[in-house]
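Trainee: Okay, here's what each chain looks like letter by letter:
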Amino acid sequence: MFHPLKRLNEAAKRAVHAVQSYFLLAWNAVRFIVARPFYGGDIIQQMDSIGVQSLGIVLLTGFFTGMVLALQFSVQMAQFGATMYLGRLVTASMIRELGPVLAGLMVAGRVGSGIAAEIGSMRVTEQIDALNTLGTDPIKKLVTPRLLAALVMLPVLTILADLIGIFGGNVIASLYVGIPTSLYWRTVWEQIAAGGFLLRYIPTDFIQGLFKPFVFGALISITGCFFGLETSGGTEGVGKATTRTVVTASVLILTTDYFMTQILLYILP
Amino acid sequence: MSGDPVREGVESGDDTAVSDLGFDGEPDTVPRERANGYDRDATPVIELAHVYLSFDSPLLDDISLKVARGETLVIAGESGTGKSTILKLMLRLLVPDKGDVLIDGERINDLSFEEALEVRQKMGMVFQGAALFDSMTVFENVAYPLREHTDLDDDEIEERVRQKLEYVDLDPDKVMGQLPAELSGGMKKRVGIARGIANDAAILLYDEPTSGLDPLTTGTITRLIRKLQREMGVTSVVVSHDMRSAFLVATRIALLARRRIVFLGTPDEMAASKDHYIRDFLGDL
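Chains A and B supply the protein sequences, listed in that same order. Taken in order, the first sequence gives residues 957 to 1225; the numbers are from our numbering. Taken in order, the second sequence gives residues 359 to 643; the numbers are from our numbering.
If you are wondering where the hints come from, they were derived from the structure by calculation, not from laboratory data. Treat the hints with care, as some may be off.
List time: in silico DSBU-like cross-link candidates among lysine-lysine, alpha-carbon distance up to 35 Å [unchecked claim]:
#1 K532/B x K446/B
#2 K632/B x K446/B
#3 K1097/A x K532/B
#4 K1196/A x K962/A
#5 K446/B x K969/A
#6 K424/B x K585/B
#7 K632/B x K1097/A
#8 K532/B x K480/B
#9 K456/B x K969/A
#10 K632/B x K480/B
#11 K480/B x K424/B
#12 K446/B x K1196/A
#13 K480/B x K456/B
#14 K585/B x K446/B
#15 K1097/A x K424/B
#16 K456/B x K424/B
#17 K480/B x K585/B
#18 K1196/A x K1097/A
#19 K962/A x K446/B
#20 K424/B x K532/B
#21 K446/B x K424/B
#22 K632/B x K585/B
#23 K585/B x K1196/A
#24 K446/B x K456/B
#25 K1097/A x K446/B
#26 K962/A x K1097/A
#27 K1097/A x K480/B
#28 K585/B x K532/B
#29 K969/A x K532/B
#30 K1196/A x K969/A
#31 K962/A x K456/B
#32 K480/B x K446/B
Let the sequences and hints guide you as you build the complete structure.
Mentor: Right, here's the structure in full:
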């Protein structure tokens, strides 16, 4: 009886310690944004790796998601004779939910795993220790540039995923449902304007749609770096770190998305 | 000291004798510590005082060591006895459970992470697998500490990198643009040494510098460590179980076994020891 309890206690301690380390890493990464030296070259390189190189996969998934949304909605809405509002539904779904979440999940799979593998390999080949001995803080050199790059690039990728998704909806609307393109885009704009504007010019839907990828960017980069830095056990450990990163980042994206939606709907109904 | 019969020679006084195992046919007639300006009585550059460390089980028990300026101390021992851990304690990558670690007389146990980074700049470390940054070229690797911690301009950095690569017998024009993956094991080690001395560090720590190398390359690396001792007077700590190489570079050897230092003395004292464990450890050397 005592033995399982002891093991449970140990497991709980490890979990609490891991959460503490995760937040400590996040705090230090944020703190170093304003601390010298600035690794500008590394930030640009990471923006390319996280943003530019993820463009293809994010656009592809965005386009097909927009098309499948239009296809599904058109079938359902045809029952009520409301297919003319297809643009509104596709737009709301893409901007508020699917654009941010899909871009987040795609980047978590492609970039999060890459970050964990790269930093994990550096850990097991003593390159992290080498950074330390050369007087460089590995968090400042490796984590902060990735965090900054993800914070900037995730919203950009999301905007592009939203746009291409809405365009995918347009393709189905005009070719399959028979809705004129001008009508489709007018309903798209109606949806954007329907939620009202913040500071006169910023549609509230955009606030919701862009706040989420900002948070997802932080989650993906910190999770990848965390599991990368925690890697032990050689190449097998690197494999485990990448798997853990993808699973954890994906779960975090989906769960925080729910809570953020609740909060944002309360603040910006 | 501890009543351990194997612990003979620990903190023994006389270590003026030097192994006559010459290198390159160059007989070593000058006591090595004098040739290096090594002064045992001066304030030690590195000191471990009654250090204890445990992870899941105890690893180091009451380790005390002093490394004088210009000295080359080899820490030998079987695998898994905590030799590399001692280097990590000196770099403050680890903090002892009990006891003190001092660098240049400054206790480093309680330093903040940022303060520890400052102390580490006094030291260069040559890792077992070289630990070169594999996304950077050889030039960028050697230039790294210069870019991080000096105000040298690009031309001065290039000049310094060339100088250090030549010092470790590498052709700068040939290797500077190469990635670590394109280098042989021995070349990686030499680039690692060049990176370690790029900042003219006063202390060099080597973790198994000759492991995994063929006999010829082992000779090259050993020669290089000797050259650094002789010409630059760096204080070195070498972790190794390659005793042939250890006898060539060491002013003193510390043997680690059963979580403690069981022998500390000159190579000659070690070679003359009748202790069974030491004789077994040295084999037919």
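Trainee: Run every hint past the structure and note whether it holds.
Mentor: Verification of the supplied hints:
no.: 1; hint: K532/B x K446/B; verdict: holds, 33 Å
no.: 2; hint: K632/B x K446/B; verdict: holds, 32 Å
no.: 3; hint: K1097/A x K532/B; verdict: holds, 29 Å
no.: 4; hint: K1196/A x K962/A; verdict: holds, 26 Å
no.: 5; hint: K446/B x K969/A; verdict: holds, 26 Å
no.: 6; hint: K424/B x K585/B; verdict: holds, 22 Å
no.: 7; hint: K632/B x K1097/A; verdict: violated, 51 Å
no.: 8; hint: K532/B x K480/B; verdict: holds, 29 Å
no.: 9; hint: K456/B x K969/A; verdict: holds, 24 Å
no.: 10; hint: K632/B x K480/B; verdict: violated, 39 Å
no.: 11; hint: K480/B x K424/B; verdict: holds, 17 Å
no.: 12; hint: K446/B x K1196/A; verdict: holds, 26 Å
no.: 13; hint: K480/B x K456/B; verdict: holds, 24 Å
no.: 14; hint: K585/B x K446/B; verdict: holds, 25 Å
no.: 15; hint: K1097/A x K424/B; verdict: holds, 34 Å
no.: 16; hint: K456/B x K424/B; verdict: holds, 17 Å
no.: 17; hint: K480/B x K585/B; verdict: holds, 19 Å
no.: 18; hint: K1196/A x K1097/A; verdict: holds, 23 Å
no.: 19; hint: K962/A x K446/B; verdict: holds, 32 Å
no.: 20; hint: K424/B x K532/B; verdict: violated, 40 Å
no.: 21; hint: K446/B x K424/B; verdict: holds, 16 Å
no.: 22; hint: K632/B x K585/B; verdict: holds, 32 Å
no.: 23; hint: K585/B x K1196/A; verdict: violated, 43 Å
no.: 24; hint: K446/B x K456/B; verdict: holds, 15 Å
no.: 25; hint: K1097/A x K446/B; verdict: holds, 21 Å
no.: 26; hint: K962/A x K1097/A; verdict: violated, 39 Å
no.: 27; hint: K1097/A x K480/B; verdict: holds, 20 Å
no.: 28; hint: K585/B x K532/B; verdict: holds, 23 Å
no.: 29; hint: K969/A x K532/B; verdict: violated, 53 Å
no.: 30; hint: K1196/A x K969/A; verdict: holds, 21 Å
no.: 31; hint: K962/A x K456/B; verdict: holds, 27 Å
no.: 32; hint: K480/B x K446/B; verdict: holds, 14 Å
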